[in-house]
Each structure stands twice: as structure tokens, then as C-alpha cells.
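Make a model of the complete structure from these sequences and hints.
Here the protein sequences line up with chains W and Z, keeping their order.
Letter 223 of the first sequence, counting from 1, is numbered 222 in numbering that gives the first Met the number 0, and no numbers are missing.
Letter 33 of the second sequence, counting from 1, is numbered 32 in numbering that gives the first Met the number 0, and no numbers are missing.
Derived by calculation from the structure, the hints in this document are not laboratory data.
The hints are all genuine.
Quick list of the computed label-pair ranges, beta carbon to beta carbon: (1) 41/Z / 602/W: 51 to 59 Å; (2) 448/W / 42/Z: 53 to 61 Å; (3) 144/W / 56/Z: 49 to 57 Å; (4) 90/W / 49/Z: 36 to 44 Å; (5) 8/Z / 57/W: 50 to 58 Å; (6) 498/W / 8/Z: 16 to 24 Å; (7) 49/Z / 119/W: 53 to 61 Å; (8) 42/Z / 490/W: 54 to 62 Å.
Beta carbons: idealized from backbone N, C-alpha and C, even for Gly.
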Amino acid sequence: MNGQAVTVDSMRLALVGVPNCGKTALFNRLTGSRQHVANYAGVTVERKEGSFVGPARRRLYKVLDLPGAYSLTPTTLDEAITRDFLLGRLAEEPPPDFIVCVVDATNLRLNLRLVIELRDIGVPMVVALNMSDLAASRGFQLDRARLEAELGVPVIETVAVDAHGERKLVERLESMPHPGRRQPLAWHDPTFRQIQDTQREVRRVLRASGYVEPLRKQALARLDALVMHPIAGPAILAAILFFVFQAVFTWAAWPMEVIDTGVSGLGAWLQGTLPDGALRSLFVDGILAGVGSVLIFLPQILILFFFILALEDSGYLPRAAYLLDRLMGSVGLSGRAFIPLLSSFACAVPGIMATRTIPNLRDRLATIMIAPLMTCSARLPVYALIIAAFIPSRAVGPFNLQGLVLFTLYFGGIIAAMLVAFVLKRTALKTAYHPLLLELPEYHWPHLNNLAIGLWERTKVFLQRVGTIILALMIILWFLSSYPTPPPGAEGPAIVHSFAGMIGRWLEVVFAPIGFNWQISLALVPGLAAREVAVGALGTVYSLSNDGDVAGTLVPMIAQTWSLATALSLLAWYVFAPQCISTLVVVKRETNSWRYPLAMAAYLFALAYLASFVTYRVASGLLS
Amino acid sequence: MLENLLVGAIVVAAVFYAAWSLTPGSARRNLTRHLADWGRRPGRSSIVAHATSALEQAAVRKSGDCSNCGASHAPRATEQRRNDG
Chain W
0 MNGQAVTVDS MRLALVGVPN CGKTALFNRL TGSRQHVANY AGVTVERKEG SFVGPARRRL
60 YKVLDLPGAY SLTPTTLDEA ITRDFLLGRL AEEPPPDFIV CVVDATNLRL NLRLVIELRD
120 IGVPMVVALN MSDLAASRGF QLDRARLEAE LGVPVIETVA VDAHGERKLV ERLESMPHPG
180 RRQPLAWHDP TFRQIQDTQR EVRRVLRASG YVEPLRKQAL ARLDALVMHP IAGPAILAAI
240 LFFVFQAVFT WAAWPMEVID TGVSGLGAWL QGTLPDGALR SLFVDGILAG VGSVLIFLPQ
300 ILILFFFILA LEDSGYLPRA AYLLDRLMGS VGLSGRAFIP LLSSFACAVP GIMATRTIPN
360 LRDRLATIMI APLMTCSARL PVYALIIAAF IPSRAVGPFN LQGLVLFTLY FGGIIAAMLV
420 AFVLKRTALK TAYHPLLLEL PEYHWPHLNN LAIGLWERTK VFLQRVGTII LALMIILWFL
480 SSYPTPPPGA EGPAIVHSFA GMIGRWLEVV FAPIGFNWQI SLALVPGLAA REVAVGALGT
540 VYSLSNDGDV AGTLVPMIAQ TWSLATALSL LAWYVFAPQC ISTLVVVKRE TNSWRYPLAM
600 AAYLFALAYL ASFVTYRVAS GLLS
Chain Z
0 MLENLLVGAI VVAAVFYAAW SLTPGSARRN LTRHLADWGR RPGRSSIVAH ATSALEQAAV
60 RKSGDCSNCG ASHAPRATEQ RRNDG
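Here's what the structure looks like:
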């Protein structure tokens with residue numbers, strides 16, 4: 000939409016709408032912005048501005064994409080910012096000249112309250128009836144001209160996801176003279192009775208506009224009745240999760256073998272090609288052993304994300320939120336905590352940032368404090384390594400034992416988070432329970448395109464991490480593990496005499512009571528940068544400990560070296576493992592205080608140590 | 000000798016990269032701003048000025064370990080809706 004001509008006329012447009020109405024897509028369509036369009040909480044919290052030049056008048060439109068809001072009575076920071084911006088209450092932000100209120104044509108019942116409230120503040124406005132194509136194809140009926148007449152503002156059909164889907168809107172904007180700057184009328188938060196009146200007005204307008212919603216397919220209604228059933232629902236959810244973790248192990252076996260063979264082959268080739276010396280050791284024992292140990296887990300991470308994406312795209316995830324709300328409410332957590340906690344399964348960083356949508360500060364802090372207990376994808380390589388080394392791949396009834404153990408570890412993280420929340424909400428962060436109200440989207444088959452793009456993005460992120468920070472840390476660890484060289488006549492592998500060996504033995508004093516040897520103790524340190532680095536560190540350390548051995552054989556090496564009690568202790572450690580540095584930094588940024596990240600690090604370290612200690616002692620006792 | 004120099008250079012580059020990536024963004028930006036100010040002082044060569052200015056630019060961009068996590072896929076669900084009407 001951007002033109003080259005210099006313009007003198009300019010208009011400040013505000014894009015307003017409820018969350019998920021396609022506002023950001025329309026913003027991108029209008030301004031040509033390359034901003035990523037996503038639905039998860041937090042994406043429209045920041046101020047977003049773009050511009051375009053109208054094709055007819057050559058008018059410059061400055062467009063502001065405001066955070067999603069359901070009404071002008073805010074319950075979140077996002078909604079408060081939108082209201083204050085529209086009413087000109089924000090410092091250094093004049094109110095808009097014009098409002099484009101984007102509404103979802105498939106959900107007008109929910110969207111029209113905001114339209115009516117915006118109309119009442121007196122700023123000139125046009126309503127963009129977005130997703131109008133989808134509404135028509137689903138059988139929604141609406142007389143647009145009648146709606147326009149009832150509301151008293153122009154109503155334009157748009158399809159933000161289609162090329163030229165914004166054309167009619169731009170034509171309408173171009174056909175209007177500049178409304179001039181107008182101060183919004185005074186606004187007071189409505190009383191309950193006034194809100195009820197507005198809802199009545201919404202229903203009247205819809206009736207008068209001939210609005211008819213299609214009947215829901217009977218099969219979908221039956222499916223929902225089953226999926227949301229108080230007993231069958233949780234059982235189905237557990238079965239789905241069970242299946243996912245089974246698939247993570249069984250489906251990933253052959254691609255992992257291919258990567259393992261490739262890494263081992265490359266290691267053998269380098270071993271044979273490069274002359275004996277520091278450079279060969281750096282490549283084979285440092286880079287290949289370390290990076291290869293992490294790379295091998297890519298198939299498992301992708302399989303896990305394939306299911307998460309498919310469940311999300313199918314419309315099942317909000318139903319899972321509904322099913323889990325009772326559990327969350329029983330420990331005092333807000334229902335709004337579900338989305339941040341779900342995000343934390345990918346990584347705690349976006350999960351913690353997503354807590355901005357929780358209006359109550361104490362609820363938000365409680366969610367932030369437990370977010371690292373959700374098993375992030377960086378922990379999967381650690382779990383997978385230990386499970387592959389110590390848990391036999393045999394059937395337990397219809398299930399694979401390795402998958403069962405992985406499921407238990409993920410479940411353990413959730414239970415731990417609930418217990419911590421229970422304690423926090425009854426002590427330091429006490430608040431009343433806020434019920435969860437969810438909009439449930441319709442079921443549909445996952446789009447293959449979305450799945451492919453999501454998996455490709457995940458692959459890129461993983462390979463980028465492997466090729467940058469993990470690679471750098473492996474090189475540093477190799478250096479620390481190789482120097483200083485052992486004195487003449489020294490016995491044992493050279494690594495024992497290195498800096499890493501010394502550091503490992505100091506740390507071993509702290510971790511010996513929980514069954515960790517010096518190699519594990521050492522691997523925990525770079526694991527603070529990113530948890531999967533611990534696996535790479537073990538690869539490097541064990542490769543250097545096994546004089547001359549080829550990379551890619553970490554699983555049998557630890558299976559021979561560690562006891563089962565040690566392996567279980569390390570698994571317990573990683574259920575609670577103190578989070579990576581990035582998480583601590585984000586917590587500091589989000590809470591504006593060092594108190595919370597420090598408290599979080601301290602309580603997670605204490606829990607991890609205690610869990611590992613109990614696991615190690617009990618397992619040692621039983622196994623001896 | 001050459002092999003040791005090469006290995007040394009790789010290790011130094013890795014240390015620099017890891018330190019850069021793991022330093023909090025605000026500290027990185029402060030440090031590079033001071034460096035760029037120093038590089039722009041009269042008498043400094045244009046190469047130094049360019050290098051310190053490039054570092055300052057790079058510090059503004061996201062880098063490192065988990066800073067790309069926001070871009071990674073996080074499962075989403077439709078946002079919660081309030082129904083007080």
C-alpha cells in the first residue's frame with residue numbers, strides 16, 4: 000500500500016478490536032508490515048505503528064494497532080492501555096482522528112458491545128466486518144446495510160488474510176473528508192445495569208440486522224459433549240498425552256539412528272584424516288562429541304511439537320484449558336495462568352512474558368514463579384539421554400516403558416508446579432480465585448501448511464542454538480577439559496588434570512550426596528546457559544575421558560559409568576532444575592526486581608537438591 | 000605452531016561470542032555505547048570508529064541463547080474472554 004508521493008493530508012487511525020478478530024492481520028495488510036502474526040498472549044501488548052498512503056487522495060494514514068480489548072471497562076493492562084489511548088488519557092499520545100473497529104463476522108454477539116461503546120465516545124469510526132468470507136461459507140446470515148443503519152456507522156466487509164482483502168476499507172477511508180481532531184466524550188465505567196443494557200442493545204441490533212447463526216453440526220456437538228465431559232474429558236486428555244510421549248520415543252528411533260550414524264561416521268573420518276593434535280581433538284572430542292550429542296534429539300523435539308501444533312490447530316487446546324481449570328483453581332491459580340504455563344512447555348521465556356495478561360499482580364507472580372517447573376523443550380534431550388541409557392525399550396501392556404517414564408517426568412513437573420502454587424497462594428501470594436471463561440473455537444482438521452511452517456520454525460531455532468551458543472560453549476568446555484596438559488608420569492585420562500577436572504572435583508563435594516560424579520557436576524554449569532548444553536557437555540567430557548574414543552557413543556558410556564540411582568537422581572534434578580540464565584533475566588525484567596528471580600533460583604535449587612537426595616538415597620537403598 | 004594458533008583463535012572467538020550472548024541486553028548496550036563514544040573521539044582511526052559503531056548496532060539486535068525463544072513456537076490457545084454482560 001505504500002506510495003512514493005509526498006502528501007500533506009494525514010490521518011491518525013486506531014485499529015481496535017477484541018483479541019483474535021484478525022486486527023493484526025489487517026494492520027499488516029494495510030501497512031505492509033513484516034511483523035509476525037501470532038495469536039498467543041502478549042503479541043499486541045506493545046505499541047505498533049505503521050503507515051500507508053491512500054491511492055486516491057494520496058493521504059498519509061498513520062495506523063496504530065492497539066492491544067485487543069473486549070470493552071472499555073478494562074480487566075487487564077492491555078485493555079486499560081487501549082481505553083486510555085482512545086480517550087486521550089495517555090501522556091504524549093493524542094487520541095486518534097479515526098477509529099477502525101475490527102469485528103469478527105463469525106462472532107458478532109461478542110464483538111458488538113465494544114462497537115457500541117466506541118460509538119458512544121464520539122470519535123468518527125468505521126466497522127471492519129472481518130472474516131466475512133468465512134462467515135458466509137459457514138452459513139452466517141447478516142444484512143450488512145441494516146447493520147450499518149442500526150449502528151449508525153459505516154460497516155465494511157474485509158478479509159484480512161486475503162490479498163486485497165482490505166481494498167473496500169481503504170476505498171471507504173479515501174472517500175471521506177478528514178474528520179478533524181475531536182476530543183473524545185467523557186467516559187465513565189458503566190454500572191452492571193448499564194452493561195446489561197448494552198448487551199440488550201447488542202441483541203436488538205443483531206435481530207434487526209437479520210443476524211442468524213448456523214446450527215452447529217450434531218457430530219461436533221456430540222464430540223464436545225464427550226471431550227468436555229467431567230470424567231471422560233480428563234481421561235481423553237491423559238490418553239492423548241500418553242500417546243504423544245509414546246510417539247516421541249517410538250517414532251523418533253530411526254531418524255535418531257541416522258543422525259547418530261552420521262555424527263559417528265564424521266567423527267571417524269576426521270579421526271582418520273586429521274593428524275593427531277589439538278585441532279583434531281577440538282573437532283572430534285569438543286565440537287562433534289558435544290554438538291552431536293544435542294543434535295541427535297532434534298527428531299524427538301519435532302515429534303513433540305508436531306503434536307502440540309496439531310492439537311492447537313484443531314481447536315482442542317482451549318478445551319484442555321477448560322478441563323484443567325478445576326485443578327488450577329483448586330491450588331488457587333487463576334484460570335488465565337493456563338496459557339502462560341502451556342507456553343512454558345516450549346520455553347519459560349515466552350511463558351513468563353505471556354503472564355502480562357493476568358490482571359492480578361499476585362496471581363501473575365505465582366504463575367511466573369512456577370513457570371520454570373513446566374518441562375521446557377530444552378530439557379527433553381536430558382530426559383531422552385538418561386531414559387535411553389537406563390530404561391529398557393520394552394512393552395508394558397500396550398505401552399512403551401521409555402514413553403511411560405517420559406510421561407511421568409512431564410507429569411511430575413506439573414504436579415510440582417501445582418504444589419508450589421498451592422503453598423504460594425496460601426502464604427505469600429494469597430488472593431481470591433478468579434473463574435476462567437473461555438471462548439471455544441470450532442474444531443477443524445489441522446492445516447498441513449501451518450504444521451509444516453511451525454515445524455520448520457522450530458527446526459531453525461534449534462539448529463541456530465546448536466550452531467551458535469551451544470557450539471561456543473562446547474569449544475570453551477573442550478579448552479577447559481584439555482588444558483593444562485597432565486604432568487609427566489601422571490596417570491588416568493588427561494581431563495582429570497585439566498581446569499574442568501579441577502572445577503568438577505570442587506563441585507563434586509556439593510553434589511556427591513545426591514550421587515553426581517564430577518563429570519555430571521561439571522556439566523550442570525554450562526547447563527545454566529541452556530539446559531540441553533548439559534548433554535553436550537557430558538558428550539565432550541566423556542569423550543575426553545575415554546582416550547581416543549569416537550564421538551556419538553554417549554548413551555553406552557553413561558550406561559556403563561553411572562549407577563541407576565545416579566541416573567534417577569539426575570532425572571529428579573532436572574524436573575526441578577534451576578532455570579537457565581535467560582529465564583532469570585526475563586523474570587527480573589518482568590517483575591522489575593531481583594527479589595523474585597533470586598527467590599526462584601533459591602527455591603528451585605533447594606527443591607532439585609532435595610528431590611535428587613531423596614531419589615538417590617531411596618533408589619540406592621532399594622537396589623542394594 | 001600454526002595449529003595451536005588456529006585452535007587459540009577459535010577458542011578466543013568462542014569465549015567472546017559466549018560472553019556477548021549471555022550478557023544481559025541492557026549491559027551489552029551500555030558497554031557498546033561507551034565503546035562507540037570512545038571510538039568516535041578525535042584521533043581514532045576510522046577502522047576503530049567503524050568497528051565500535053558496528054558493535055553498538057549489533058548490541059541493539061537480539062542475540063544469543065534464549066533471546067530467540069520469543070520467536071520459537073509456543074503453544075497457544077484462544078485468549079480467555081470475560082463475560083460480565
